[in-house]
Amino acid sequence: RVVLCAGAIGSPAILLRSGIGPRDQLTQLDIKQVSELPGVGKNLQDHIWCPVTFATHEPLALEGLQNHSEVHLLAQSKGACASGGPRDIQVMQTISCASTDQIAINRGGGFTLMPV
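Residue numbering for the sequence shown is 8 to 123, as defined by the working numbering.
Rather than coming from a laboratory, the hints here were simulated on the basis of the structure.
For every residue, glycine included, the Cβ atom is placed at its ideal position computed from N, Cα and C.
Do not take every clue at face value.
Quick list of simulated restraints, FRET-style, between CB atoms [said to hold, decoys possible]: (1) Gly17 with His64: 37 to 47 angstroms; (2) Glu65 with Gln40: 14 to 24 angstroms; (3) Leu11 with Glu65: 38 to 48 angstroms; (4) Ala15 with Glu43: 20 to 30 angstroms; (5) Val9 with Gln35: 19 to 29 angstroms; (6) Gln40 with His64: 55 to 65 angstroms; (7) Gln40 with Arg8: 16 to 26 angstroms; (8) Gly17 with Pro45: 16 to 26 angstroms; (9) Glu65 with Ala15: 17 to 27 angstroms; (10) Lys39 with Ile16: 15 to 25 angstroms; (11) His64 with Ile16: 34 to 44 angstroms; (12) Glu65 with Ser18: 39 to 49 angstroms; (13) Ile21 with Glu65: 43 to 53 angstroms; (14) Pro45 with Glu65: 47 to 57 angstroms.
Using the sequences and the accompanying hints, generate a full structural model.
Right, dumping it as structure tokens:
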């Protein structure tokens, strides 16, 4: 047995290049078929909905993080962590993320992160 972990796009590409997949596609690419597996490369989905949710017993505060790159990235897309491109993870929902002099949100505790 072999476990192939190259992602939603990479795994089917490796399988097809190795001769595992639908006969018609392999024939078109002049790849010798090793195994007929018609589902390879079909119904691809990458970064489907998979939230990571945290609940807290105490309110969250940003007093100690106000000048850190992570906060600047999330709040303004600026700072050392900003790449200018799409983010891999972003805060999608903030039930209660902060309590400072500038920001006052108090609707319970917790937050949700989600890959983009």
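Cross-check of the supplied hints:
1. Gly17 with His64: 37 to 47 angstroms: holds, 41 angstroms
2. Glu65 with Gln40: 14 to 24 angstroms: violated, 59 angstroms
3. Leu11 with Glu65: 38 to 48 angstroms: holds, 43 angstroms
4. Ala15 with Glu43: 20 to 30 angstroms: With Cβ atoms ~22 angstroms apart, the hint holds.
5. Val9 with Gln35: 19 to 29 angstroms: holds, 25 angstroms
6. Gln40 with His64: 55 to 65 angstroms: holds, 57 angstroms
7. Gln40 with Arg8: 16 to 26 angstroms: 20 angstroms Cβ-Cβ, so the 16 to 26 angstroms window holds.
8. Gly17 with Pro45: 16 to 26 angstroms: holds, 19 angstroms
9. Glu65 with Ala15: 17 to 27 angstroms: violated, 38 angstroms
10. Lys39 with Ile16: 15 to 25 angstroms: holds, 23 angstroms
11. His64 with Ile16: 34 to 44 angstroms: Holds, since His64 and Ile16 (Cβ atoms, about 40 angstroms apart) stay within the stated range.
12. Glu65 with Ser18: 39 to 49 angstroms: holds, 42 angstroms
13. Ile21 with Glu65: 43 to 53 angstroms: Distance hint for Ile21, Glu65 holds at roughly 47 angstroms.
14. Pro45 with Glu65: 47 to 57 angstroms: holds, 53 angstroms
Checked against the numbered hints above, the structure breaks hints 2 and 9 and satisfies the rest.
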